[in-house]
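Peer 1: The primary structure of each chain is shown beneath.
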Amino acid sequence: MRATFTVASDLLREAASRRWFLALGIGITTVLIVLGFALRLEVVDGALAATRLFGREVRTDIRSVDVALRFVYRAAAYVLFYGGLAFGIVACADFGPSLLAPGRIEHLLSLPVKRYELLLGTFLGVLILSLIGAVYGAGGFTLIFAVKTGHFTLRPVAAAVLAGVTFAGIYGAMLTAAVALRSAALSAAVGVVLFVLGIIAGYRDRLDTFFESGAAREAFRAVTFVLPRVSALADASADIAASAAIRYDVLASQMVGLLVFGFASLALGIHLFEQKDY
Amino acid sequence: MARKGLWLGVFVALLALSAWLMSRGDKEKSTVRPPKVEFPRNATPDESVRNQKRRTLPPLPSPNNNDEGFRMRRDPMLVALPVDKKRSAMVFEVEALKETPIAQIWLDCLLERTDRQGDASGLERFKERFGIDPLEDVERVAVSSERLAIMQGSFSGATFDPSVWNKRTYGEKGVIYENPESGRTIAMWGGDMMLMSGVSDSAEAVEDAIDRLESTDPNQKSILNETNAYGDIYGVLSPEDLAKMLPEEQDALAEKVQQVVDGISVHVDASEDVAIVADVNGPGGQDLEDLSRSFGAALAASRFKAKNDGNEELANLLDYAKVKQPAGGHFALDVALPIDVLKTLGPCRKSSPPSAATAEPKNTSK
Chain V
459 MRATFTVASD LLREAASRRW FLALGIGITT VLIVLGFALR LEVVDGALAA
509 TRLFGREVRT DIRSVDVALR FVYRAAAYVL FYGGLAFGIV ACADFGPSLL
559 APGRIEHLLS LPVKRYELLL GTFLGVLILS LIGAVYGAGG FTLIFAVKTG
609 HFTLRPVAAA VLAGVTFAGI YGAMLTAAVA LRSAALSAAV GVVLFVLGII
659 AGYRDRLDTF FESGAAREAF RAVTFVLPRV SALADASADI AASAAIRYDV
709 LASQMVGLLV FGFASLALGI HLFEQKDY
Chain B
26 MARKGLWLGV FVALLALSAW LMSRGDKEKS TVRPPKVEFP RNATPDESVR
76 NQKRRTLPPL PSPNNNDEGF RMRRDPMLVA LPVDKKRSAM VFEVEALKET
126 PIAQIWLDCL LERTDRQGDA SGLERFKERF GIDPLEDVER VAVSSERLAI
176 MQGSFSGATF DPSVWNKRTY GEKGVIYENP ESGRTIAMWG GDMMLMSGVS
226 DSAEAVEDAI DRLESTDPNQ KSILNETNAY GDIYGVLSPE DLAKMLPEEQ
276 DALAEKVQQV VDGISVHVDA SEDVAIVADV NGPGGQDLED LSRSFGAALA
326 ASRFKAKNDG NEELANLLDY AKVKQPAGGH FALDVALPID VLKTLGPCRK
376 SSPPSAATAE PKNTSK
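Chains as they are written, first to last, in the numbering used here: chain V, 459 to 736; chain B, 26 to 391.
Quick caveat, the hints were computed from the structure, so don't treat them as lab data.
Note that the structure is predicted; figures quoted are calculated from it, not measured.
Glycine residues also receive a C-beta, built at the ideal position from the N, C-alpha and C atoms.
Careful, some of the hints might be misleading.
What the hints assert, rightly or not - Simulated DEER-style distance windows between Cβ atoms:
#: 1; chain 1: B; residue 1: A38; chain 2: V; residue 2: R471; range: 30 to 36 Å
#: 2; chain 1: B; residue 1: D365; chain 2: V; residue 2: F669; range: 29 to 35 Å
#: 3; chain 1: V; residue 1: R514; chain 2: B; residue 2: N67; range: 28 to 34 Å
#: 4; chain 1: B; residue 1: E161; chain 2: V; residue 2: S701; range: 40 to 46 Å
#: 5; chain 1: B; residue 1: G309; chain 2: V; residue 2: F495; range: 31 to 37 Å
#: 6; chain 1: V; residue 1: D707; chain 2: B; residue 2: E149; range: 43 to 49 Å
#: 7; chain 1: B; residue 1: N341; chain 2: V; residue 2: A680; range: 38 to 44 Å
#: 8; chain 1: V; residue 1: G597; chain 2: B; residue 2: N67; range: 41 to 47 Å
#: 9; chain 1: V; residue 1: S701; chain 2: B; residue 2: S207; range: 50 to 56 Å
#: 10; chain 1: B; residue 1: R66; chain 2: V; residue 2: G597; range: 37 to 43 Å
Just need the whole structure built from these sequences, with the hints factored in.
Peer 2: Shown next, in the form of structure tokens:
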């Protein structure tokens, strides 16, 4: 198990040296700094009375500051969720293939590390990486609004954690694709396909009415049955951020289900990995 | 061989487990969509047609006899309302209201409670006394702070016991009934309007209303404009009456309202959730802007207090309250009351007082 964490920490070190993640870190920090200086919020007795962005007044309704911020946090949660997933798919697609690169994999296999520990460590590293990115972005955003309005909530950070976990689920399948063909493009393509199909799967109960009842509808339901419900989790993430009512038992089931999906994909990846000779 | 198939077996088992876990949210979404509330800001086409049909009073002559042009017929109920700007008046569209989800829920609760108590409800007593079924025969009701209530509907079956009510005619179409014992005064006008005085032993309010209905004074102007007759409940509030309605801790706001506000028009839509819009009119400028902010702050403070006091019901209601930024000498105060919250209030409120035998004194101080 220790080897798994070593692989995960190696991956984090590797990520830190990559331009993609450096750019992400600088990008998030820049957005937060600009927001911090350009946004002016006037709070009168707990009500958001006026908003100015880059010196220009933004016409908003006057209402309790925490209620007004719900809309901001909801929008931010969607951006973070979908934007984070899209970025993660592109930026992390190369981790698997580089792990399996000729020369490196032979070296790794010569070490006292089991094959499944290599994949598990990579998966864990990406999970930690996505959580760090999401929590940094959401945490900074929340902190800025907390300082400017005096209203502090950890809900946007919790929403960001949900986004991170969702990405980890998808990454399990991406890593398996990388093991099968050692291609960053294929890994990214699997991520994109799962991302899009996951949005559809989240609304499968509403969308299946577009299919005629019979074989077509059953096929749609069968395919989407095993797919991660990306859009449902995005909606849940936005609702958490916006302090809306949530069925936490259902959400927990979906979240655990997504993580299990990631581990299932990983199990297939390990199976394929074990069959390979290097 | 067994080891070779181990991870494949784990894959299949985990995939099946994940599909089952994730499918739990397909039917029951983890997210609960908030209600989408439509705030009444203008008359709907149906309301415009309804208002047009109600204009049965001839138009007033022009203040200047040389004027030509189009004169609209008038809605008698609005004409009967007071003209004094310091008064308030609200109109309840009973016919529309009784079809609304919340009215039906409340009526069911009311009838259930009446059945349980084995006592005739106020509605039934009214029907027995006057021969009018408020739910069937009344189209709309207006009340004003001049202590005048007006009902419009089908009152051909209205009965007034001659041994109880003294009858006299007033004006061209008015008939006034006075009950010397109770001091009540009720008037019928034109067969479809019933006017009730809220002042004991005084017919002044109903006489004034009949005077307005039969007046041809070209300068006569009701406090409720016909363009404001939309929604299930609508009316105007005077700044003084609004100031009185504010809680004691909002004394400063009440004073500001009386200084800055010209009038408030209120519109309520109850077709799904109950949406209330209060248009606050004033001279515009910085004063009105400050007032809008004070209203926003008052709402936020009330919500905060409700939360602190553990009054979740009120806090949830105030979640939907907002003040629109002032524009053109007025700003709007929007409040939405979700039907799920209203279901637990009014006649459907669950809390019933404990019986005297079982009631125990409670220390309510904290």
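Peer 1: Give a verdict on every hint.
Peer 2: Hint-by-hint comparison with the structure:
no., hint, in the structure
1, B:A38 <-> V:R471: 30 to 36 Å, "holds, 34 Å"
2, B:D365 <-> V:F669: 29 to 35 Å, "holds, 33 Å"
3, V:R514 <-> B:N67: 28 to 34 Å, "holds, 30 Å"
4, B:E161 <-> V:S701: 40 to 46 Å, "holds, 45 Å"
5, B:G309 <-> V:F495: 31 to 37 Å, "holds, 33 Å"
6, V:D707 <-> B:E149: 43 to 49 Å, "holds, 46 Å"
7, B:N341 <-> V:A680: 38 to 44 Å, "holds, 41 Å"
8, V:G597 <-> B:N67: 41 to 47 Å, "holds, 44 Å"
9, V:S701 <-> B:S207: 50 to 56 Å, "holds, 53 Å"
10, B:R66 <-> V:G597: 37 to 43 Å, "holds, 40 Å"
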